[in-house]
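Protein chains in written order, with our numbering: chain A, 1033 to 1281; chain B, 27 to 499.
Everything labelled a hint here was simulated from the structure, so no lab data went into it.
Warning: the hint list may mix true and false statements.
[Stated by the list, open to error] One-sided excerpt, in silico: chain B residues whose CB lies under 10 Å from chain A:
#1 E198
#2 P350
#3 E384
#4 R411
#5 M416
#6 F434
#7 A438
#8 R456
#9 D459
#10 P477
#11 A478
#12 P479
#13 R485
#14 Y488
The C-beta atom is built at its ideal place from N, Cα and C for all residues, glycine as well.
Spelled out, the chains give:
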Amino acid sequence: MRVSLFITCLSDIFYPEVGKDVVEVLERNGCQVDFPMNQTCCGQPAFNSGYRTEAKESAKHMISVFEDAEYVVSPSGSCVAMLKEYPHLFDEGSELRKRAQQLANKSYEFTQFLVYVLKKDDVQSSFHKKVTYHTSCHMTRLLGEKEAPFRLMEHVEGMEYVPLHKSYECCGFGGTFSVKMPSISNEMVEEKVRNIEESGADYLIGADCSCLMNIEGKLKRKGSHVEVMHIAELLNHSSKEGDHHGNED
Amino acid sequence: MGMKISDQSFEDRTKSGIEDLFMRENVQSAQDRLRSARLNAAEDMGDWEEWRKMGEDIRNHTIQHLDYYLKLLSDKVSELGGHVHFARTPEEANEYITQIAEEKKAKSVVKSKSMVTEEIGMNEALEAVGCEVLETDLGEYILQVDEHDPPSHIVAPALHKNREQIRDVYQERLGYEGTEEPEELTRFTREQLREKFMKADIGITGCNFAIAESGTVSLVTNEGNARLVSTVPKTQITVMGMERVVPTWKEWEVLITLLARSSVGQKLTTYVTALTGPRQKGEVDGPDDFHLVIVDNGRSKILGTEFQSILHCIRCAACINVCPVYSHVGGHSYGSIYPGPVGAILSPLLGGYEDYKELPYASSLCGACTEACPVKIPLHELLVRHRENMVEKEKKSEMSERMLMKMFKFGATHPKFYQLGVNAAEKVSREKDIKRGPGLMNNWTQSRDFPAPKKESFRKWYANRKQNGRSSS
Ligand code: SF4
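Let's have the full structure, built from the sequences with the hints guiding it.
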């Protein structure tokens, strides 16, 4: 199966290891992964700030970048939700809307792709730690995906999962919200981090680098012992073969 | 008071909200309670999504044919001997209402809970013509006693106060000597109110839904006070926003079910009161005189715009009860009697961007509101529509932001340029996280670390890997 990776700008620059883990997990599960070098950003920062014209231009670019892809897979529920927003940016009946719809139809968040397309709940990973999970808002509410990460986590060998109090609550990232309304955003992430620490977990797993960046930033600032890990890294983790399934980093 | 409740800046308001830890605790415990009550009530219903869809369809249909249903309602009420007045502005509404008060030589007015009368500042208008106005809803009464503290929530207006604070208000202003037990506080309130009820010349109510086919006004309350307000005084005035109409009893049943479950998680709120016109021959109660005031105040301007669906709102407050921003800043921070997500959309529409330009940005777009709304209003999307309006039509966004977005667009559509950006990021890579960033970034680093870019971006890793023949094809 041919898969085109949409890495997202945040992962590309700040969390490249997440991309490597995605590539390795997909390859191990029989996919050919390619990475269209011309990809940029999904346009969400502009869109959510009200810059629809600018967002439209990003959309047009991304539509053409992924035109030939069979599947587009991305380690971010939020950015995939943005791809799914693309059709609404263009006039009904227009050619671009049709192409945007095609892109939307073949785009999957990483865990969705594993569970629904590859039909794998078990990707043979193991992790002997206590974890909790952050259900990102865009993943659960905009993309409507509440299950896939949990189905995969259930099969991670040796892992203990503890629930997170008020897991449904936003972490306070919200893109430009975090710098436009820093004090409110801070109160939200304060609460999130308090609940994470009280869960007793050693690791916080999540499927969106943006939320993780926010939460990790707060955990670190507070000197917390809890570490943050993207679900791709968890699923690429094997205790038997040392630290990692892959051996390239 | 009107819709606007504060002259302070948004920053000052949210700052005092965040610092008021008592208030936040009250708000959060109420939110938790209401949230689980709502979810339980929804679960009882079986297919809640099906109900929401029905609610959405009903509201959509009604608002699309608003003129038709308003005409039907108005004809029906007139047929029953009531008087209907359409008011385009708060001034027009207040003029009509005060005129009635003056004609009746009214000295005292009793009122059940109504947001729209707050919106138009009716109490002040009546007081200006020498009429005493008494709030009979427990929450509104507390606020009135507390020197007109503004409401912070559309269903539970005194949500920001806990019972100890309420006891203190009563002690200070009314010489109350009891405890902070809710039953005792309520009993005391009832005693205060009862006497005044009997003497009131005019009863004024809001309206949850007006049923067009029968000309009926229906009200839901927790305390049954609406019934007293609408049966004891000889003259009754009902004030409604023009969107509060439903076609028939059939639709009413769906909406009242959604409303009761979404707002307080009850099967039905304790009291549902229905009033159909003035007292008819052979009826034992009801007013001699009935007036229905239908208020526009900017609503008709929303029709036909991208914001039309906000007129579907049934004022259940479910969106407010799940909003994480509201939970940390409280209702007063919104500067409007309409707080939370619904308020962030409605307030700028009714009151203009000048006073409420920050509200659409006071959201992380987490979508909790949209998920909770019983009539499926896409609330977080409407917040984005406001932002678009401010950027594209009103040109209210900051110059620096516009520049940034121009650059963004260029970068996002020119892969070579984008690549340069990634290369530059790799260059400033370092081991440690960033503890203090420049400019806007400082807003982030004030309270949390920011990751440093990695030495090798993903794209570089991928390119190298491919060169070394490790691509997966
Ligand atoms: S917007 Fe929806 S959830 Fe909010 S008050 Fe109105 S009906 Fe209720």
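Tested hints:
1. E198: This interface hint is violated because 31 Å lies over the 10 Å limit.
2. P350: holds, 5 Å
3. E384: It holds, given that the least Cβ distance between E384(B) and chain A is near 8 Å, below 10 Å.
4. R411: holds, 8 Å
5. M416: holds, 6 Å
6. F434: holds, 6 Å
7. A438: holds, 4 Å
8. R456: With a minimum Cβ separation of about 12 Å from chain A (threshold 10 Å), the hint on R456(B) is violated.
9. D459: Interface hint status for D459(B): holds (6 Å vs cutoff 10 Å).
10. P477: holds, 5 Å
11. A478: holds, 8 Å
12. P479: holds, 5 Å
13. R485: Hint holds; R485(B) Cβ to chain A Cβ min 6 Å, cut 10 Å.
14. Y488: holds, 5 Å
Going down the numbered hints, you'll see the structure goes against 1 and 8, while the others check out.
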